[in-house]
Amino acid sequence: MSDTATAHTEDSHHSLMVNNKKLLMWLFLGSDCMFFGTLISTHLIYRKLYPEAYDPTHLFSLELTSFSTFILLMSSFLMALAVSAMHKGQIKSFRRNVIGVIFFGLIFLGCQVYEFTEFVHEGLTLSTATFGSTFYVMTGTHGVHVAIGVFWLTCMYFYSYTGKMDAHNSAVDVEVAGLYWHFVDIVWIIIFTAVYLIEFIGK
Amino acid sequence: MSELDYAPLPVADTHISDENEKYHTFVNLALILAAITGVELVLVYLPFNELFIFTVLLSLSLFKFVAVLAWFMHLIYDKLLMTLAFGTGLSIASGTVIALMFIMDRSHVDFDAITAF
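Residue numbers (numbering that gives the first Met the number 0), protein chains in the order written: chain A, 0 to 202; chain B, 0 to 116.
Honestly, the hints are just simulated from the structure, not real lab data.
Please read all numbers here as calculations on a predicted model, not as lab measurements.
It cannot be assumed that every hint is accurate.
Unchecked claim - Pairwise CB distance ranges (calculated):
1. M103(B) - T161(A): 46 to 56 Å
2. E121(A) - G37(B): 21 to 31 Å
3. V119(A) - Y22(B): 18 to 28 Å
4. K78(B) - V119(A): 45 to 55 Å
5. F199(A) - K78(B): 40 to 50 Å
6. L79(B) - C154(A): 12 to 22 Å
7. H120(A) - L79(B): 49 to 59 Å
Said to hold, decoys possible - With the Cβ distance kept under 10 Å, some of the chain A side facing chain B (calculated, not the full set):
8. L22
9. L77
10. F118
11. V119
12. H141
13. D184
14. I185
15. I189
16. E198
Virtual Cβ for every residue (Gly too), placed ideally from N, Cα, C.
Bound-form chain A, shown alone:
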């Protein structure tokens, strides 16, 4: 078999003609969709049934949350560049982009922590009406996902200095990490609209 054909048969060694790691990650993300779907629908249902129970518009800072959303979107962009760099075997470019993703991820987490701290000071806790419970569980779970992603990418960043990462061995691993990070971003896109923006319609 020629080199050309060999290079294109990376996936042919797997029975479903796709990379197993990527397939497993997509399946996991599908299950995580269901997980976040339940959390978001719980919040929306209680807001629909009891809209007068709590009014969060005096607490929410749309500017801060929009900034967080922008930061997460840009981190997703850098992650796409990091994956692309690894596919091309450009380790230094990969490191630059991944450190950017980690930095933006930490900024997002910092904004979340600041936001939660402000809310607690204003009296919105986990036990403040059903709104507090659903809001903190939903955004807190998302925050934990972001933290796990930051930890994962940090490990990957330091692992890149061992000399064991290259396009042939690690491109799929980086792509899988990228899928996780992008998923965290798209969940936040939904949360930003369904939880924050909708509260301000008509106000």
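Place chain B on chain A using the hints.
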């Protein structure tokens, strides 16, 4: 002409050129997503009909969702099986959310039977 003049690009070079083309797609998409986020932020403050604002917000969010899924997550470049794998979970989640929103309507809930929150 020697045979080398007509030799196809090595696989690595075509792969790299594909990645370079994707770079411009990523940059354009990032700019579009940032712009949409700005539009969403401004839209909620505008004195338009609530249903109109809600519909536009939902549409913009769905576009952002699909765009990140398709291009950043490479779903359009990958095999259909990946789309099916993720789409199954997404469909179940979406269907559950929509069904619950319809079921849990104020007219269908007996508020006397449950404790107020």
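Exercise. Does the CB of L22(A) sit less than 10 Å away from some CB of chain B?
Worked result: Since chain B brings a Cβ to about 6 Å from L22(A), closer than 10 Å, the hint holds.
Exercise. CB of K78(B) to CB of V119(A), is that within 45 to 55 Å?
Worked result: Since K78(B) and V119(A) have Cβ atoms about 47 Å apart, the given range 45 to 55 Å holds.
Exercise. Under the criterion of a CB-CB separation shorter than 10 Å, is E198(A) in contact with chain B as hinted?
Worked result: E198(A) check passes; min Cβ-Cβ to chain B is 9 Å, inside 10 Å.
For this session: Answer holds if the nearest beta-carbon of chain B is closer than 10 Å to that of D184(A); otherwise answer violated.
Result: Interface hint status for D184(A): holds (6 Å vs cutoff 10 Å).
Exercise. Should the hint that H141(A) touches chain B count as held when the rule is a Cβ pair under 10 Å?
Worked result: For H141(A), the interface hint is violated, since the closest Cβ of chain B sits about 15 Å away, which is over 10 Å.
For this session: For the hint on I185(A), just tell me whether its beta-carbon gets within less than 10 Å of chain B.
Result: 5 Å, holds
Problem set entry | Minimum beta-carbon distance criterion (10 Å), F118(A) to chain B | 18 Å, violated
Exercise. Hint check: is the beta carbon of I189(A) less than 10 Å from a beta carbon of chain B?
Worked result: OK, holds: I189(A) within 10 Å of chain B, min 6 Å.
For this session: With respect to the beta-carbon atoms only, verify the hint that E121(A) and G37(B) lie 21 to 31 Å apart.
Result: Given range 21 to 31 Å: holds, Cβ gap about 27 Å.
For this session: Determine whether the Cβ-Cβ distance between H120(A) and L79(B) falls within the hinted range of 49 to 59 Å.
Result: Holds, since H120(A) and L79(B) (Cβ atoms, about 50 Å apart) stay within the stated range.
Problem set entry | Supplied contact hint for L77(A), tested at 10 Å Cβ to chain B | For L77(A), the interface hint holds, since the closest Cβ of chain B sits about 9 Å away, which is under 10 Å.
Exercise. Going by Cβ atoms only, is V119(A) closer than 10 Å to chain B?
Worked result: 20 Å, violated
Hint violations for this structure: numbers 3, 6, 10, 11, 12, all remaining hints satisfied.
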